[in-house]
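Student: Turn these sequences into a full structure, and let the hints steer you where they fit.
Listed in order, the protein sequences are those of chains Z and Y. Under this note's numbering, the first residue of the first sequence carries the number 1, and numbering increases by one thereafter. Under this note's numbering, the first residue of the second sequence carries the number 1, and numbering increases by one thereafter.
Don't read these hints as lab results, they were simulated from the structure. Every residue, glycine too, gets a C-beta built ideally from N, C-alpha and C.
List time: in silico SDA-like cross-link candidates among lysine to any residue, alpha-carbon distance up to 25 angstroms:
#, chain 1, residue 1, chain 2, residue 2
1, Z, Lys280, Y, Gly210
2, Y, Lys109, Z, Leu98
3, Y, Lys109, Z, Tyr101
4, Z, Lys255, Z, Glu53
5, Z, Lys255, Y, Thr187
6, Y, Lys80, Y, Asp91
7, Y, Lys255, Y, Leu239
8, Z, Lys242, Y, Gly154
9, Y, Lys333, Z, Gln274
10, Z, Lys81, Y, Gly124
11, Z, Lys280, Y, Leu82
12, Y, Lys109, Z, Leu183
13, Y, Lys45, Y, Asp23
14, Z, Lys271, Y, Asp357
15, Y, Lys109, Z, Thr154
16, Y, Lys71, Z, Ser286
17, Y, Lys333, Z, Asp261
18, Y, Lys263, Y, Leu296
To give an idea of the interface, some chain Z residues facing chain Y are shown, with a C-beta separation under 10 angstroms as derived from the structure:
#, residue
19, Phe23
20, Leu28
21, Met32
22, Val37
23, Tyr46
24, Ser49
25, Tyr50
26, Ser93
27, Tyr173
28, Pro176
29, Phe180
30, Gly248
31, Asn260
32, Lys272
33, Val273
34, Ala287
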Amino acid sequence: MLWIFYGSALLFLVLSGYKAYVFTKMPLHGRMELYPVPKEKGKSEYGGSYFEEVEWWHKPRELSGFSELKDMLKEMLFIKKLFQNQRSLWWVSYALHLGIYLLAAWTALLIVGAISGLAGMPISASGRLLPGAWPAFLYYLTALCGNLGFACATFGAAALLWRRAFDPVLRKYTTPQEYFNLLLLLAALVSGLIVWFPDLFYQEARTVMADFLSLTPPQATGTLTLHVILVGFMFIYIPLSKMSHYVGKYFTFHKVLWENDPNLPGSEIEKKVQAALGYKPGHTWSAPHVQTVRPQNQDR
Amino acid sequence: MHDAKTLKPSDLGRQEEQLIVVDNLMPLLPPYDQPGMERPFGEVKGAWREKYCTSLDGFVGIDTLQRPKTKEEEKEFVQKFLNGLEKILSDANNGMLQPLLLSLEYCAKCNTCSEACHVFQASGGNELYRPIFRSEALRKMIKKYFTPSGRLLGRFVGADIEVNWESIARLGELAYRCNLCRRCAQTCPLGLDNSIFAKEIRKIFSQELGIAPSPLHAKGSMIQLKTGSSTGITKPAFLDMLEFMEEDIEEKTGKKIKFPLDKEGADILLIHNAGEFMAWPENPAAFAILFEEAGLNWTLSTELMGYDSVNYGIWYDDTQAKKIALQQFQTAKHLGVRRIVIGECGHAHKAAAVTADRMAVGEDKIPVESFLPLLWDLVRTGRLKFDPQKNNFPVTLHDPCNVVRQMGIVQPQRHILKQICPQFREMTPHGVDNYCCGGGSGFAIMNSLNFGQFRDKVSGRMKFNQILGAFQDTIEDPSIPKYVCAPCSNCKGTIRELLEFYHTTEKFNVHYGGLVELMVNALPDLEKPYLEFLQA
Chain Z
1 MLWIFYGSAL
11 LFLVLSGYKA
21 YVFTKMPLHG
31 RMELYPVPKE
41 KGKSEYGGSY
51 FEEVEWWHKP
61 RELSGFSELK
71 DMLKEMLFIK
81 KLFQNQRSLW
91 WVSYALHLGI
101 YLLAAWTALL
111 IVGAISGLAG
121 MPISASGRLL
131 PGAWPAFLYY
141 LTALCGNLGF
151 ACATFGAAAL
161 LWRRAFDPVL
171 RKYTTPQEYF
181 NLLLLLAALV
191 SGLIVWFPDL
201 FYQEARTVMA
211 DFLSLTPPQA
221 TGTLTLHVIL
231 VGFMFIYIPL
241 SKMSHYVGKY
251 FTFHKVLWEN
261 DPNLPGSEIE
271 KKVQAALGYK
281 PGHTWSAPHV
291 QTVRPQNQDR
Chain Y
1 MHDAKTLKPS
11 DLGRQEEQLI
21 VVDNLMPLLP
31 PYDQPGMERP
41 FGEVKGAWRE
51 KYCTSLDGFV
61 GIDTLQRPKT
71 KEEEKEFVQK
81 FLNGLEKILS
91 DANNGMLQPL
101 LLSLEYCAKC
111 NTCSEACHVF
121 QASGGNELYR
131 PIFRSEALRK
141 MIKKYFTPSG
151 RLLGRFVGAD
161 IEVNWESIAR
171 LGELAYRCNL
181 CRRCAQTCPL
191 GLDNSIFAKE
201 IRKIFSQELG
211 IAPSPLHAKG
221 SMIQLKTGSS
231 TGITKPAFLD
241 MLEFMEEDIE
251 EKTGKKIKFP
261 LDKEGADILL
271 IHNAGEFMAW
281 PENPAAFAIL
291 FEEAGLNWTL
301 STELMGYDSV
311 NYGIWYDDTQ
321 AKKIALQQFQ
331 TAKHLGVRRI
341 VIGECGHAHK
351 AAAVTADRMA
361 VGEDKIPVES
371 FLPLLWDLVR
381 TGRLKFDPQK
391 NNFPVTLHDP
401 CNVVRQMGIV
411 QPQRHILKQI
421 CPQFREMTPH
431 GVDNYCCGGG
441 SGFAIMNSLN
451 FGQFRDKVSG
461 RMKFNQILGA
471 FQDTIEDPSI
481 PKYVCAPCSN
491 CKGTIRELLE
501 FYHTTEKFNV
511 HYGGLVELMV
521 NALPDLEKPY
531 LEFLQA
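Tutor: Spelled out as structure tokens, the structure:
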């Protein structure tokens, strides 16, 4: 069980990191901005850009990291585009995502609680004033995140599965693997509910976490073993599947749609363009008009 | 015929004469909501079915895609397509690899994009035109041949499509049912872009199989690379046209204007879509009037590649796009101008300012800007003065996708119109949320066989409704002229076709044109209106 716990967590991080690394190392692509681009200071509200300026290349670029961060957080925390463009799906998708965020927080709180317990400050509801308030705070916050997280994520996963199965349009485009993805999430969540549900304040979960952290094999029941295996498999599988969109979404927005980086003399991007122009591809196109002799400097 | 409701991407290879029929179009606004206001689709001729791929929806976009005569030809076609498919995933496609792979991998198929697509909406929600239909069909082919999961797990991961002549040809046609307007990408919660798939399919057909619609390729970019202009205008013909235009300007406005030609070291090299000289000479003439009035140091080029800003390559073939863009830069460099200003042509804006931005460095790259901020600067600083009462009729503005959604040039044109047109009104939606005119990515000039019907009745339908919507208060009063300002040559061409197809000019006095014509019309010292429809 210890191996599954640490191995799956490590593989999740390594595989996700590797995926991000692969996208980072991809060759420079052509520009594909799509407005509004939030970092365009003073213009992003209506979708404007530096191209609205006369002789824009002589003007200092006015960029707002805050504006980009604000839009990024709205997208990450609230799935803004789905909210704006398909509200009915947003309710269920957001329930799943909010549930996942809350369960991530719950896991972190379990770790903090377990460490606290190991350090001789066990977590319970009996805290009064400081320093006793800390255990009580952790106790209730963990319960809040866990209960809300399980409720939202389980509802979201089940509702998404139901919608995919019964919406005539989504059903046509959903592959068996995509049903499997949702079923896997649901199975991991339901097994968690079965294991933890009797204890709405997660004392048992904290004990198991403390066992994991102190490298002690926990007292494993059949359902706990199944739950750990399902969660462990899910953690390894997610980075290998399209559910790793937490990686891809960074690149689609920041490196494609919001990139907005003109090739100006002396700029970093100019160096990258120079390097890309000198690259000779191993594969070449075969149509006769591509094969004809071209003027210099036309092959990337 | 397949029922569009049950149609799915894996049906693309089914042996049927025609997959779907377009028969439930989005209703039009008054007065076009009455019976008899719109011509029905024409019949698909038997000879077309034998020769071309009409088996998708009955329309032919790729007039050079012809049915194979032998089994060997069919086999070769399939193999070449698969070769091309492999190449878009390789370093032959470095310039698009990252965006393509992101969109290939992460689509959640949430279907949010369908609501944003004007073609899907205009078709009454026909399944074939759902943005993810095309993407998913290509994704299935790629999975089937080029992913380990597809080879091992097949149908489980969605690699369940037949790859044969019919499915490939239909996919090729389907790539020309998308205007590449990228409105769908604006709404995607994952930031993915369905237009990439349409463009990549077009690229495989052109760059690997040598197949592309003749208006874009054989009669488009190939002629441009040979003569300097996709219109085929040669230098002597171009000079004749300019001479004629100078006489016309004097006759219309009393102004003696000489087009500055090949002026070395000029501040501005102005490049128009050469189609303007042939179809709408009043547009480049209006530019000359405004530039001279403002005292700009500008020039036109008469050199090969210097007098036509178009670059059809950006719609279907990266190699053609690059050849054209670099030669346009070279012309500007030889003239020693400080900057290139692109006239009223949306795709030329994107090609020169955005796409070509990463095709050259250093001295080979001349700064490019749009005519819009330049003109607004002339208005804002008082170098051009106007009498807005001369334009006192309803005017609306079409936002070219390439200029607005893809370059973020939103306000200058609005600032100008608000100063010179007292009855200016916006379309709904507008700005970066605009709808494509329906002629984007080549549809404006693709008139082979029956493709024009698809443009006029389907892809242009949303824009036509927007025009009707903007003029609802006056549309049924033919005594009031109405003007659709479309500062883009292709958009203007599409709107011309729409107004002709629906007899909107004839019945309801709706006209179209560019921005500069409206500006010249409002110049205080002109005795006669510059706009022809006001001259009667």
